[in-house]
Amino acid sequence: MNNHMDYLKQRVLAGLMSRREFIGRAGALGVSAAFANTMLSHAVHAAGPKKGGTIRMGFQGGSTTDSLDPALATNQVALMVIRMWGESLTELGDDGSIQGKVAESFSSSPDARIWTFRVRQGLTFSNGQPVTAEDVVATIDRHAGEDTKSGALGIIRGIKSAKADGRDVIIELESPNADLPYLIGDYHLAIQPNGGKDAPDAAIGTGPYILKEVEMGVRFVAEKNPNYWGDLGHAQTLELLVINDNTARVAALQSGQVDMIDRVPPRTAGLVARAPNINVHKTSGPGHYVFIMHCDTAPFDNNDVRLALKYGINRQEMVDKILFGYGSVGNDTPINASYPMFTELPQREYDPEKAAFHMKKSGYDGPIVLRTSDNSFPGAPDAAALFQQSCAGAGINLEVKREPNDGYWSEVWNKQPFCTSYWGGRPVQDQMFSTAYLSSADWNDTRFKNEQFDQLLIAARAELDQGKRKQMYADMGTILHNEGGLICPMFNDFIDASSDRLAGWVEGVNGFALMNSYAPLRMWVA
Amino acid sequence: MSPVLKLIAQRVALGLLLLFMVSVLIFIGTLILPGDVAQSILGQSATPEALANLRRDLGLNDPPVQRYFAWLGGVLQGDLGTALTSGQDIASVMWARLENTLFLAFWAAVISVPLAIFLGLLAVRYRDRWPDKLISGVTLASISVPEFLIAYVLMFFIGVKLRWLNPTAIGFRPDADVLSKLEAIALPVAVLTLVVLAHMMRMTRAAILNVMQSAYIETAELKGLSLFSVIWRHAFPNSIAPVVNVVMLNLAYLVVGVVVIEVVFVYPGMGQYLVDHVSKRDVPVVQACGLIFAAVYIGLNLIADIVSIVSNPRLRHPK
Chain F
1 MNNHMDYLKQ
11 RVLAGLMSRR
21 EFIGRAGALG
31 VSAAFANTML
41 SHAVHAAGPK
51 KGGTIRMGFQ
61 GGSTTDSLDP
71 ALATNQVALM
81 VIRMWGESLT
91 ELGDDGSIQG
101 KVAESFSSSP
111 DARIWTFRVR
121 QGLTFSNGQP
131 VTAEDVVATI
141 DRHAGEDTKS
151 GALGIIRGIK
161 SAKADGRDVI
171 IELESPNADL
181 PYLIGDYHLA
191 IQPNGGKDAP
201 DAAIGTGPYI
211 LKEVEMGVRF
221 VAEKNPNYWG
231 DLGHAQTLEL
241 LVINDNTARV
251 AALQSGQVDM
261 IDRVPPRTAG
271 LVARAPNINV
281 HKTSGPGHYV
291 FIMHCDTAPF
301 DNNDVRLALK
311 YGINRQEMVD
321 KILFGYGSVG
331 NDTPINASYP
341 MFTELPQREY
351 DPEKAAFHMK
361 KSGYDGPIVL
371 RTSDNSFPGA
381 PDAAALFQQS
391 CAGAGINLEV
401 KREPNDGYWS
411 EVWNKQPFCT
421 SYWGGRPVQD
431 QMFSTAYLSS
441 ADWNDTRFKN
451 EQFDQLLIAA
461 RAELDQGKRK
471 QMYADMGTIL
481 HNEGGLICPM
491 FNDFIDASSD
501 RLAGWVEGVN
511 GFALMNSYAP
521 LRMWVA
Chain G
1 MSPVLKLIAQ
11 RVALGLLLLF
21 MVSVLIFIGT
31 LILPGDVAQS
41 ILGQSATPEA
51 LANLRRDLGL
61 NDPPVQRYFA
71 WLGGVLQGDL
81 GTALTSGQDI
91 ASVMWARLEN
101 TLFLAFWAAV
111 ISVPLAIFLG
121 LLAVRYRDRW
131 PDKLISGVTL
141 ASISVPEFLI
151 AYVLMFFIGV
161 KLRWLNPTAI
171 GFRPDADVLS
181 KLEAIALPVA
191 VLTLVVLAHM
201 MRMTRAAILN
211 VMQSAYIETA
221 ELKGLSLFSV
231 IWRHAFPNSI
241 APVVNVVMLN
251 LAYLVVGVVV
261 IEVVFVYPGM
271 GQYLVDHVSK
281 RDVPVVQACG
291 LIFAAVYIGL
301 NLIADIVSIV
311 SNPRLRHPK
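As they're listed, the protein sequences go chains F and G. The numbering of the first sequence is the numbering used here, which starts it at 1 and goes up by one. The numbering of the second sequence is the numbering used here, which starts it at 1 and goes up by one.
Because the hints were derived from the structure by calculation, they are not lab data. Worth double-checking, as some hints may not be accurate.
[Said to hold, decoys possible] To be clear about the criterion: a stretch of chain F counts as covered by chain G if any three or more of its residues have a C-beta under 8 Å from a C-beta of chain G, and this derived list gives those stretches:
hint	stretch
1	149-163
2	202-212
3	307-320
[Stated by the list, open to error] Chain F residues, not near chain G, derived (Cβ > 12 Å throughout):
hint	residue
4	58
5	255
6	301
For each residue, glycine too, the CB sits at the ideal point set by N, CA and C.
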């Protein structure tokens with residue numbers, strides 16, 4: 001049978017047999033359709049990428065108001081466009097490790113305070129100009145400058161000085177940070193000629209494609225950069241269309257108007273996957289949907305109230321009914337298995353008795369107001385209603401207050417003491433904790449201030465012994481789990497889909513959706 | 001001065017005053033909405049420093065009255081300004097978007113207006129018989145269903161299941177030839193036609209039926225004219241005024257009210273441009289779009305008034 005399957009695979013690859021026919025014939029040999037599909041994609045993989053053709057994508061998130069300046073990128077489409085034309089010093093590998101990009105190598109002083117990045121030999125920008133260490137320094141400068149609006153400011157603030165020395169860029173930090181190579185790979189920090197100081201939105205970088213047509217919030221067309229140094233970018237042309245409407249995006253894929261889409265609504269993902277020519281890809285990531293309490297505001301300043309609510313939520317029910325199974329249960333920390341130094345804690349379960357016990361112990365018996373809106377995460381009002389039900393089972397009176405989408409991020413989130421929200425996650429623990437759980441963090445949206453936690457966080461940055469560092473992160477996770485203002489019921493999977501016109505999808509890539517946004521650069525027209 | 005010219009002059013002056021008031025209202029509206037453009041641009045990822053820097057760069061620290069008059073001064077000199085969010089020149093982007101919207105509206109009108117009037121005449125011809133009931137039933141049903149639902153249903157059946165037409169308008173290129181452009185907008189035009197048909201059809205039917213009660217229609221019938229030529233030659237010219245009014249209202253809708261359709265079908269028109277900028281509180285763009293939309297409404301209503309006068313001899317030659 002194996003020989004026969006191989007023969008069939010060869011015929012599909014040679015274009016002598018359709019995919020559908022292959023699955024039918026494999027079925028005759030007793031192979032299930034799903035397995036046949038997998039076999040085929042492995043066969044396509046083994047045959048290697050084909051060059052040329054056009055990949056058309058329909059993605060959500062772009063707006064007419066976007067800019068090509070990488071410092072101002074805030075959405076999936078802007079990120080994807082940067083991936084086409086630009087590259088940062090480093091990038092995340094598929095397994096969550098870190099590898100050089102514009103930098104061919106990097107190293108640090110023993111205390112992780114001074115870092116040296118060596119710029120790749122012979123690298124040129126798409127305008128033909130060679131890439132120098134000065135360009136890298138200027139890029140860091142621009143994002144760190146006095147009048148910056150950069151989304152990477154939080155990352156770059158810890159840099160005391162950056163200077164060029166031949167092909168080396170020497171970065172001195174205010175305080176040690178073993179994670180700098182992760183942080184410097186942030187997509188906002190794409191290396192531009194003279195740091196983009198002259199023309200921030202010129203979209204000139206070292207990426208595999210060159211932008212040819214730009215219509216903000218509508219359409220981007222890019223052609224392969226003939227002088228690209230690496231092995232990314234198999235298609236000759238990429239066409240990115242902004243399709244914000246969920247139904248329209250799925251319809252465009254189903255009818256073949258586009259080959260790849262992101263954010264398939266979980267509710268309909270199962271139906272979409274039934275079509276024979278469409279593959280739905282599910283990737284677990286660091287993104288999570290949360291209920292956040294301000295630890296400094298009554299009644300949430302009482303840890304028993306916080307614990308009561310943590311025991312009063314049914315996590316599995318949320319994963320089943322809000323994510324339709326496309327996700328995993330959370331455990332009241334922002335960290336899951338997608339982080340490099342993850343340690344599993346005992347899972348907290350729905351326990352109405354413990355919830356009632358802690359509520360009684362706190363001495364608070366008034367109503368608790370939970371604010372929510374549709375855009376705080378997909379299905380947030382439904383999740384709030386489920387939470388209300390499960391709390392009622394413990395005798396806790398949760399009042400759900402629906403807020404308008406408009407202005408939710410400026411008026412409710414980070415202002416009201418208890419609301420729904422989401423986090424996209426970060427590549428490493430340090431960055432996630434420093435962004436939202438350090439006492440002095442700008443986005444400390446739970447107002448969590450814990451001296452021991454802060455000390456551990458700072459100490460972990462300078463700790464180069466991986467074992468000790470992992471233990472520190474585990475301890476910090478336990479503190480958050482038991483005392484934090486974060487109720488994290490679920491981690492949402494990324495759900496992307498592509499038609500069988502494309503091949504080369506890799507399962508389980510760490511980072512953002514769509515294979516860390518490299519899908520159009522790593523997939524090819526089959 | 002002839003009454004028509006006088007009326008036009010009056011209406012244009014009134015229209016300009018209205019436009020000014022509209023711009024004030026829009027400006028106040030965007031001030032009342034929670035959050036400002038800097039917060040909206042940076043979203044959840046706003047740091048206080050980035051916010052402060054952006055506010056300063058965008059001139060948001062000036063008092064609102066000063067910002068409004070600076071904007072008004074520019075507009076009076078024909079300068080719509082630049083978008084706060086992307087720094088693009090508003091006029092050049094907006095005209096391209098307006099052209100797309102007008103293209104869609106034009107073809108929707110070319111199909112829906114004659115169709116609505118013809119169906120209206122047909123309904124009168126077969127009044128209270130099955131063609132009348134069928135036409136009324138179908139058009140009323142299509143206006144009663146929300147337009148996005150009609151859009152999704154057509155998208156699914158015609159675009160995805162039957163594959164007759166493209167489900168979305170993403171294939172639309174402003175510089176392509178007319179035929180491929182028409183192919184790209186076929187479904188949105190179909191939905192718009194379904195949405196505006198009933199209103200115009202019902203008005204035509206009602207207006208003509210009203211006229212049909214008149215004595216001169218009876219005379220025409222007694223002369224032995226066929227029913228359809230009575231309707232077409234005698235009744236229809238006398239019911240033009242109300243029909244034109246409702247047609248203009250629907251044309252205005254085709255330009256101004258297509259926001260939902262444009263967003264659903266991913267058509268790069270004014271609607272989507274406006275929605276993006278409202279959610280980012282980009283006041284100059286919202287102002288410019290508001291002015292254009294208001295001007296379209298006022299202009300089309302002006303045309304409706306003029307047509308009513310020209311079509312009515314008593315108004316054309318007042319004593």
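*Quick one: which hint numbers does this structure break? Sort them smallest to largest.*
2, 3, 4 and 5
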